[in-house]
Amino acid sequence: MTYCYPDSPNPAVKNLNLILEEGEFVLTVGSSGSGKSSLARVMAGLIPDFYGGDLTGRVFYEGEDLRDTRRRLLCSGIGIVFQDPEKQLVMTSVEAEIAFGLENLGLPQPEMLRRLAEVMSFLGLSSLKQEFTANLSGGQKQKVALAAVLAMQPRLLILDEPTSQLDPMAAEELLNLVERLNKELGYTVLLIEQRLERCFHLADRLLLMEGGQIICDAPAAEAARWQAAHDRPFIPPVARLFALLRSQTIPLTVKDGRRALRGWLSTATRPPAPPAGEEMPQCRQGGERTCRQPAMLEARDLWFVYPNGREALKGISCRIGPGEFVVILGENAAGKTTFLKQAAGLLKPGRGSISVLGRQARTGNRSEPDRRLGYLSQNPNDYLFQETVEAELRFTLHNFGLDDQGAIENILLKTGLSCVRGANPRDLSGGERQRVALASVLVAGPELLLLDEPTRGLDYLLKAGLGALLQALNRQGLTIMMVTHDVEFAAEYAGRALMMFDGRIVSDGSARQVLGNSLFYAPQLARLFKGFRDDVLTMTEAVETMKNVLPGGELVHAGKPE
Amino acid sequence: MLESLCYEEKDALLHNTHPLVTLLFLAALCFQALLFTHPLYLLGVFSAGILTAVVSDAYGKCRPYLKLGLWVAGLLIAINALFVHAGQTVIWQGPDLPVLGRLDLHLEAVCYGAAMGVRLLILLLVFALYNAVVHPDKIMSLFSRLAFKSALILSLSTRMVPAIARELANVVEVQQMRGVRFGAGGLGERLRKYSWLLEVILTSSLEGALQVAESMQARAFGSGPRTHYQRFLLRRRDCIIGLLSLLALILALCVKARGYGDYTYYPQLGPLGSAPALIWLGLLMLSPLAVILMGWGWRRCLSWRSGM
Numbered sequence: 001m002t003y004c005y006p007d008s009p010n011p012a013v014k015n016l017n018l019i020l021e022e023g024e025f026v027l028t029v030g031s032s033g034s035g036k037s038s039l040a041r042v043m044a045g046l047i048p049d050f051y052g053g054d055l056t057g058r059v060f061y062e063g064e065d066l067r068d069t070r071r072r073l074l075c076s077g078i079g080i081v082f083q084d085p086e087k088q089l090v091m092t093s094v095e096a097e098i099a100f101g102l103e104n105l106g107l108p109q110p111e112m113l114r115r116l117a118e119v120m121s122f123l124g125l126s127s128l129k130q131e132f133t134a135n136l137s138g139g140q141k142q143k144v145a146l147a148a149v150l151a152m153q154p155r156l157l158i159l160d161e162p163t164s165q166l167d168p169m170a171a172e173e174l175l176n177l178v179e180r181l182n183k184e185l186g187y188t189v190l191l192i193e194q195r196l197e198r199c200f201h202l203a204d205r206l207l208l209m210e211g212g213q214i215i216c217d218a219p220a221a222e223a224a225r226w227q228a229a230h231d232r233p234f235i236p237p238v239a240r241l242f243a244l245l246r247s248q249t250i251p252l253t254v255k256d257g258r259r260a261l262r263g264w265l266s267t268a269t270r271p272p273a274p275p276a277g278e279e280m281p282q283c284r285q286g287g288e289r290t291c292r293q294p295a296m297l298e299a300r301d302l303w304f305v306y307p308n309g310r311e312a313l314k315g316i317s318c319r320i321g322p323g324e325f326v327v328i329l330g331e332n333a334a335g336k337t338t339f340l341k342q343a344a345g346l347l348k349p350g351r352g353s354i355s356v357l358g359r360q361a362r363t364g365n366r367s368e369p370d371r372r373l374g375y376l377s378q379n380p381n382d383y384l385f386q387e388t389v390e391a392e393l394r395f396t397l398h399n400f401g402l403d404d405q406g407a408i409e410n411i412l413l414k415t416g417l418s419c420v421r422g423a424n425p426r427d428l429s430g431g432e433r434q435r436v437a438l439a440s441v442l443v444a445g446p447e448l449l450l451l452d453e454p455t456r457g458l459d460y461l462l463k464a465g466l467g468a469l470l471q472a473l474n475r476q477g478l479t480i481m482m483v484t485h486d487v488e489f490a491a492e493y494a495g496r497a498l499m500m501f502d503g504r505i506v507s508d509g510s511a512r513q514v515l516g517n518s519l520f521y522a523p524q525l526a527r528l529f530k531g532f533r534d535d536v537l538t539m540t541e542a543v544e545t546m547k548n549v550l551p552g553g554e555l556v557h558a559g560k561p562e
Numbered sequence: 001m002l003e004s005l006c007y008e009e010k011d012a013l014l015h016n017t018h019p020l021v022t023l024l025f026l027a028a029l030c031f032q033a034l035l036f037t038h039p040l041y042l043l044g045v046f047s048a049g050i051l052t053a054v055v056s057d058a059y060g061k062c063r064p065y066l067k068l069g070l071w072v073a074g075l076l077i078a079i080n081a082l083f084v085h086a087g088q089t090v091i092w093q094g095p096d097l098p099v100l101g102r103l104d105l106h107l108e109a110v111c112y113g114a115a116m117g118v119r120l121l122i123l124l125l126v127f128a129l130y131n132a133v134v135h136p137d138k139i140m141s142l143f144s145r146l147a148f149k150s151a152l153i154l155s156l157s158t159r160m161v162p163a164i165a166r167e168l169a170n171v172v173e174v175q176q177m178r179g180v181r182f183g184a185g186g187l188g189e190r191l192r193k194y195s196w197l198l199e200v201i202l203t204s205s206l207e208g209a210l211q212v213a214e215s216m217q218a219r220a221f222g223s224g225p226r227t228h229y230q231r232f233l234l235r236r237r238d239c240i241i242g243l244l245s246l247l248a249l250i251l252a253l254c255v256k257a258r259g260y261g262d263y264t265y266y267p268q269l270g271p272l273g274s275a276p277a278l279i280w281l282g283l284l285m286l287s288p289l290a291v292i293l294m295g296w297g298w299r300r301c302l303s304w305r306s307g308m
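Protein sequences appear in the order of chains A and B.
Residue numbers for the first sequence follow my numbering, so the first one is 1 and each next one is one higher.
Residue numbers for the second sequence follow my numbering, so the first one is 1 and each next one is one higher.
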């Protein structure tokens, strides 16, 4: 099968042959633009019906060509859940939303009622029956979208990055539901996903796509080994470590990984880890240098209450020195974004004070935009409205009354956007859009960069690119403060971590201490090595540790229980 | 402020009644207010409305409307009293003004103004009650069977409003941080800055619209004749309230036909209550009182509730 979008000479999917067996759980991975979503849309019958374009080859569902299948039959056989929960709900109440597809199928009232009752009970949505869909949380919205599809009782369920816009807890809950659908109800599942730590082990098969083709189609462990050998990144850290060390068996979960490690690492050999907060946090990265220099950001007993009465910040005190790379972690509604907005001057403190780059928020002199302060929000689309990428950057310079003097060229080069400088930003992929938004902030030459969940929805490659870029900027002196849920990213790139809970900072120290000592916010490798080597956080450290332990640096017998 | 006036889920009778029946009940109140001019009848309907609001736990939401209504009613009485001189009973002799003429106050004009004020209060109260006890979504769902496409567009727009409001706030923040000073510059410049916001929102919304359409296509929208999911149960209480409301409408027409609901204000106030007029009023009040009683029982007697 080959497919080209209208007006595009290059095929999005190329010479593809694929069979999905009934009851299989197939995980599809690949970088953005590799053809995963196009494949999903072809299988759901949306290509070419909805998108147009040129499709050659044939797609069969239960032996029948999709082109000859009536749409009503197709929709009741194959269901698809999309990425953005906000953009797939059409009705105002949860109940009406779930009934929408059933009404479209022309089902009688008793049948609709039965299906609605079943799906709501299964997904635990009964209490939200009458709720206004716009008031639901992202996780609840995505659950409703899943329910709306499940009510149509498809045999094949396609999920196109359903967790990319969700926080880790909601993502976990959704993936658990998908697992139950596959294991308990026998649904055939095709899941496209970036959060591999949570779903890699669920898959019977893994498809790796690149350039519109499937370059690897194998069971998860095999695929991990293949990817490690061919230097592809779409493997969760535990599997990656064992694949890198050429283990005979590849554990896919922390539990299996720890079992495999037990033979080679004794818990008795672990070095003691200092508790978080023991060292002076503000001195952490720059050492003496940061302590003596004035703070980039200093909050003293900062309180904030939203107009609806929610107390979002409760006495935050913290100092961030120049050159630090700080991540703020914590559950939803812990106050992370509120703190970031306080730092950006978008919110005024209720009580206490916060000074950023030597300017106090309290006195109101921060209402004027400051080019030294860069802010990247969660949604890069909020930035993009100019005709070209270059114009977006020029727009920021113009607002601050700055001359170009090579800044645009320099930033385009740093962010790798030189080749698309003349393109309309809205025509670019998600990862590129984000880089354009970041470039439009960086072009003003900020000294402090505030980022709100910049890794949301990015694949492994894009994340690695973003991490490397931020690290390089940090080395050049840019102070970075970033809100994130992504502990793997934080462990890899950040120097210092603040953990927030219920409007307070509950842990502050080096990323190594905070993440290493945490149970739930620890990266997968830290959880793997916890008790064996508490100082392991990143892949490089894990590989080094194992190479020191193993003869010849290879885990030749890994996987055998002790 | 706005939230305090909108619908809120409550454990009260009218909140848990079939929306069509609630509409019928409120329409009956409204109809009576428009039909009658007799002050006792108007006061009766007003009292029924107030009691309904109290037993429906909606009085708090109606109060702002009533406050506003009282001011307007006062204004109505004042204007009527000052400018209508059709009555014969002078209660205060005013000065002789150059353009307006003699500024006398007549009892008839004051009473007529007061009656119209009560009528206005009833209409406002019914509107407030509608907002407080009927979920807009239920009404939309009710009419979606008749005009599905219009209802769908309305539903999509309703969903979009909070999403766009949130996005607008984000875009303003983002552009502020990019150095846009929305408050600075002349009117033309400011308009240009706000047009940027519109551009971002419009582009994002158009992109979003495609995704919504795709999701609808994937759920078989437009694949053939569709059925309508019936969300609401028709319970015993719905039938009772519906019948009572219909009865109230029929009785109101009877009262009007016999002329008891009318009252003579000018040139002199007519007699306030003849025996048949009061009997008819009593009959007319029976149906709202029954609903009020049911509403009261709903909150106090759970076994009564299960029986309804």
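In case anyone wonders, no lab produced these hints; they're calculated from the structure.
Just so it is clear, CB atoms sit at the ideal spot from N, CA and C, and this is done for glycine as well.
The reader is advised that the hints may include incorrect statements.
Claimed, not checked - Under the rule of at most 20 Å between Cα atoms (straight-line distance), these lysine to aspartate or glutamate pairs were calculated in the EDC-like manner:
id, chain 1, residue 1, chain 2, residue 2
1, A, K341, B, E9
2, A, K183, A, D167
3, B, K138, A, D231
4, A, K348, B, D11
5, B, K10, A, E118
6, B, K193, A, E173
7, A, K129, B, E9
8, A, K129, B, D11
As the list claims (entries may be wrong) - Among the chain B residues that face chain A by a calculated CB cut under 8 Å, a handful are:
id, residue
9, V90
10, Q93
11, P95
12, D96
13, S155
14, V174
15, Q176
16, M177
17, S205
18, G208
19, V212
20, Q230
List in ascending order the numbers of the hints, as given earlier, that are violated by the structure.
1, 2, 3, 4, 5, 6, 9, 10, 11, 12 and 17
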